[in-house]
Each structure stands twice: as structure tokens, then as C-alpha cells.
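Quick note, the sequences are listed as chains H and W, same order.
Note that the numbering used here gives residue 101 to position 101 of the first sequence, counting from 1, and the numbers run on in steps of one.
Note that the numbering used here gives residue 101 to position 101 of the second sequence, counting from 1, and the numbers run on in steps of one.
Keep in mind that the hints were calculated from the coordinates and are not lab data.
Listed below are several chain H residues computed to face chain W (Cβ distance under 7 Å; list not exhaustive): (1) 83; (2) 119; (3) 135; (4) 137; (5) 210.
The list that follows gives simulated cross-link-like pairs (lysine-lysine, DSS-like), each with its CA atoms no further than 27 Å apart: (6) H/112 / H/165; (7) W/76 / W/137; (8) H/43 / W/141; (9) H/112 / W/26; (10) W/26 / H/115; (11) H/115 / W/76; (12) W/76 / W/26; (13) H/43 / H/4; (14) W/26 / H/80; (15) W/76 / W/141; (16) W/137 / H/43; (17) W/76 / H/112; (18) H/80 / W/76; (19) W/76 / H/43; (20) H/80 / H/112.
Which chain H residues stay away from chain W? Per the calculated CB distances, all over 12 Å, these: (21) 48; (22) 65; (23) 103; (24) 113; (25) 144; (26) 171.
Small disclaimer: the values here were computed from a predicted structure and weren't measured.
We put the beta carbon where it would ideally sit given N, CA and C, even for glycine.
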Amino acid sequence: MDQKSLLPEHYLLADTAALAGEIMLLAGAETTRVEDTIRRILKTSGFERCEVFVVTTGIMLTLEDWRYGTISLNRRVEEKQTNLGNIDKANSISRQFCSGQLSLQETYHQLKDMKPVTYPGWLVSLSIILTAACFTLILKGGLIECLTAAFNGIYFILARIANRKLRLNSFVFNMAASFLMAFTTMLVQSVFYPPLELEPVIAGSIMALLPGVAMTNGIRDTLEGNYMSGSARMIEAFVIAVSLALGIGVGLSACRILLDAF
Amino acid sequence: MLFLLFHALGSFVAVLTLSLIFCVPKHFLIYSGIVGSIGWTIYIGLMETGLNEMLNMFTAALLVAVISHLFARIFKAPVTVFLIPGILPLVPGVGMYRIIYYILQENSTMAGYYFLYTLQMAGMIAIAIFITDTFFKIWNKTHQG
Chain H
1 MDQKSLLPEH
11 YLLADTAALA
21 GEIMLLAGAE
31 TTRVEDTIRR
41 ILKTSGFERC
51 EVFVVTTGIM
61 LTLEDWRYGT
71 ISLNRRVEEK
81 QTNLGNIDKA
91 NSISRQFCSG
101 QLSLQETYHQ
111 LKDMKPVTYP
121 GWLVSLSIIL
131 TAACFTLILK
141 GGLIECLTAA
151 FNGIYFILAR
161 IANRKLRLNS
171 FVFNMAASFL
181 MAFTTMLVQS
191 VFYPPLELEP
201 VIAGSIMALL
211 PGVAMTNGIR
221 DTLEGNYMSG
231 SARMIEAFVI
241 AVSLALGIGV
251 GLSACRILLD
261 AF
Chain W
1 MLFLLFHALG
11 SFVAVLTLSL
21 IFCVPKHFLI
31 YSGIVGSIGW
41 TIYIGLMETG
51 LNEMLNMFTA
61 ALLVAVISHL
71 FARIFKAPVT
81 VFLIPGILPL
91 VPGVGMYRII
101 YYILQENSTM
111 AGYYFLYTLQ
121 MAGMIAIAIF
131 ITDTFFKIWN
141 KTHQG
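The shape of chain W in the complex, shown without the other chains:
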């Protein structure tokens, strides 16, 4: 529990400062921090349970996308204001580093493995964003007028 709290706080500060770099308006800073923090904490928490890694990434990204859409609706702001900082902790930077690391080690098997891994992770994020976008589009169409 303490472990998750540590990750929640760490990612909250990280995403908050990241949103500041992206010039997110002052009154939304906290909320984009919350979105990013939820996504990362869920991801780490699920990783601890030892479930499928891709499924974990998908769940976390889906949650980030859904909360971003909800916040966008509540605060009447573009979705990207919350989605871009929120999704960034999940972008597989570590995977990318490992590709380079193993290429330098001349270990092409591991490099290839992490290349695929990174692509799969990015693909999971894409699918999660796609599903959420589609869902909210249908919602908009059915709830207008």
C-alpha cells in the first residue's frame, strides 16, 4: 500500500511538472497530474499482480483516456490537455532504452525482443485511445437533441 502511495505521489509530481512544460493552463495542472498519477499507479499495481504485461498497459491507458474524456467534458476543455500529459508516463521509454542498450551489447536477440515489446506497448496505448474515442463519439451522437 505504501509502495503504491509512493508511486502515486511520485508520478503525480512528475506529470504535474511535465504539464507545466507543455504549458497546460494553471487551473488544469492539478487535474492532468491526477490523470497521469492514476494511470501510472494502476499500471504499477497491476504489474505487481503478475498479470499479462500488455493487458496491464491496455487497462492503464484505457483508464487514462476515459478520465481525460470525462475531465474534458466537465471542464469544457480539449481532451488533449489531459490526455497528452496523462499518457506520457506510459510511453515505453524504458523499452526504447533497452533496445539501444542491447544493440550496443551486440545482443540482437534481446534487442529484437525489446523492439517488439516497445511496439506492442505503443500499440496497446493506441488501441486504448481508439476505443475510448469511439465510445465517446457514439455517446455524443446518441445524446444530442
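The following block holds chain H by itself, in its conformation from the complex:
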């Protein structure tokens, strides 16, 4: 038996793999992709067994070889924020590592010091407003409808800021934002401009809040045979949809009750 001890590089490799996975999972990547990336990185070690298990809330990985020993890591992942740019970055860094263009040290430091893909706050706010207005436009809304939807975009911006500060469940913020959107739209219709069409305004305003990420990832994970994460994402999508629906419903009826009272 030529038993050797584990080398610092092995620990670094496991750490790098976990780090890459963590970045991608945080940014909202499908679990299948995260598992695949981690497995590819671990495979470069040449260990007998490289096991990785990822669910939507955490990462577990193990490097196992009778000649060296076992390394096992666990990472709990919280506070997800969709950032497709970060997925792309972490993906391309690990790709470069696996194809031998980057050394282990370089990969680790690049991942560790990776600047998240962000846009300036005013640009994001402008985009939220433009998204709402443009979706209202293509859902057959007129000028007044678009302006109302653009105003509704402000609630989404506020909800995002509140979410970053308070870090509660996004369920609360989705509901609050859609409540205010429905309330305002109804108010505009009944007080200022009666011919206003509710449907394009509300549907356009909530477009950016819709569970597109959860739905797409849920479908792809489920069809990869990853039922645990897939069903978790599907439920997430459903919960977001329900929270939006609740917000809209309560907003519309609250406004109606309020107007009837006066």
C-alpha cells in the first residue's frame, strides 16, 4: 500500500469547485448545469470518485480515493438574485480551467475576485420602467396605458430596493408590488381616465415580476431527471404566480371598496 496524504492542491480544487458552483447557484443557474460544472472541475483531480449533489439550496461534494483520503464539502446557498451574467462568467472561467488554459491558483483567484455583472442603478430603474411600458404597448395598450404602466414600474424598483435592505422572502415584495400596481391602475381608471384598459396595463406591469426564471429552470431540471430541484423550482414558480395574483386581486378590490365608500 502506498498510502499518500492529501495535498493542499486537492483541498484547493474542492474549494474552487464549490466556489464556482456557489456563484452559479446564487445567480439562478439550473442545478443540472451546476452539477455538471462542479463534476468537470473535480474530474481534473484524477481521484477515483468525484461525487456531487446539488439542490436549489445547497451543494455537497466529495473527492474520494483510497490512496489519498476523502475531502467532503458542504455549502448552503441563500439569498438568490438572478444574474445571468455571473452564470456566464463562472461558466467560462471553469471551462478555461478544464481545458487547461488556467492554472488552479489562477482559477481560484479569478472566481474569488470575480466582479459581479452589474449595471448602474439608474439604468436598471430606467429598464424596469421601459419594460413595463413596452410590454403594455405590445399587449395593445395606448399612450395613457403605457404611462400608467411606466409609473407602476416605480413600485417594482422600490420593491427591489426594499428586498435588498430587508432580505425577507421575495413573496412579500412581489405581493406588495403587484398590490400597489393594481391599486394605482384601478385608481387611474376610476378617477382620472375612465376609458383606461386595465388588462394591458396590469399584465404589462407585472411582466418583469413573472416567474420566468423559475419556470424555465424548473422545466429543464425536471426533464433532466433532476426531480428534486425541478419540482422545487416549479413550486417556486407557482408560489410567485400566486403571490402576484393575490396582490392584483386584493389591489383591485381594495380600490373598488375604497371608491365605493366615498
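Please arrange chain W on chain H, whose structure you already have, making use of the hints.
What follows is chain W alone, placed relative to chain H:
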């Protein structure tokens, strides 16, 4: 024709700004806008012809998924970068609004109808993504080495 151009431009700007909210990298912004714009324009165009609504949704979603996969291959980026913003205009937000609207009207027949409609639309998107994923997986297996 002008009608379609209007929708193409409108959805292009909408999806472009939406991708910006999702922090899509700068050099891919235009492409995710194009993916979303194609999907929505095809959907609207087909709706004008009066064909089956579900078939229209399926065709549009299939096109979005295929183009996303192609772009992912060309630019060596994860598929989700294009797929998530591209598919979002097709997500049945209007159907969801109508469910709530009819529930508030206490019209359970219409609410039930739109509930089913929304589920069917989401199902069509799922099938389209599934078929494309499977196709490209087979493609990968047969074209390696």
C-alpha cells in the same frame, strides 16, 4: 406588415431592457433582445392567421428555444442567458390576470376556462423547451469525436 414591425420593435426593446434587469452581459444584450423579439413577433403573426392558439404558442416557444441553443453554441455561453429573457414575453401573464379578473367578477366559468388556458400555454412552453433540449443533446452525442 407595419403591424408586425411595430410588435417586433416593441418586444425587442421590452426584452432588451428585461435582460438588463437580469444582468445579461453587455455583449449579449442585443442577441437576447433578438431572441425575444422573434418569438413574440412569430406568436402575434400566427395569432393573426387564426390558427390554433396552442399550436402558435408551441411554434413560437420552439423557435425561441432553438435560436437560444444556436446562439449559445455560437457565443459559447450558457443557454439560459438567451432562453430566460427570450421565453418571458410568451409566459401567459395576461391569462393569469384574466383568472383573477373573473374570480373577482365571481364568474367561475370564465375563471376556470382561463386557468386551464394558462396551464396549457405554460405546458406548451415546457414541451417546446423539452423537445429542443432533447434534440440538441442527441446532436451533441452524435457529433462528439
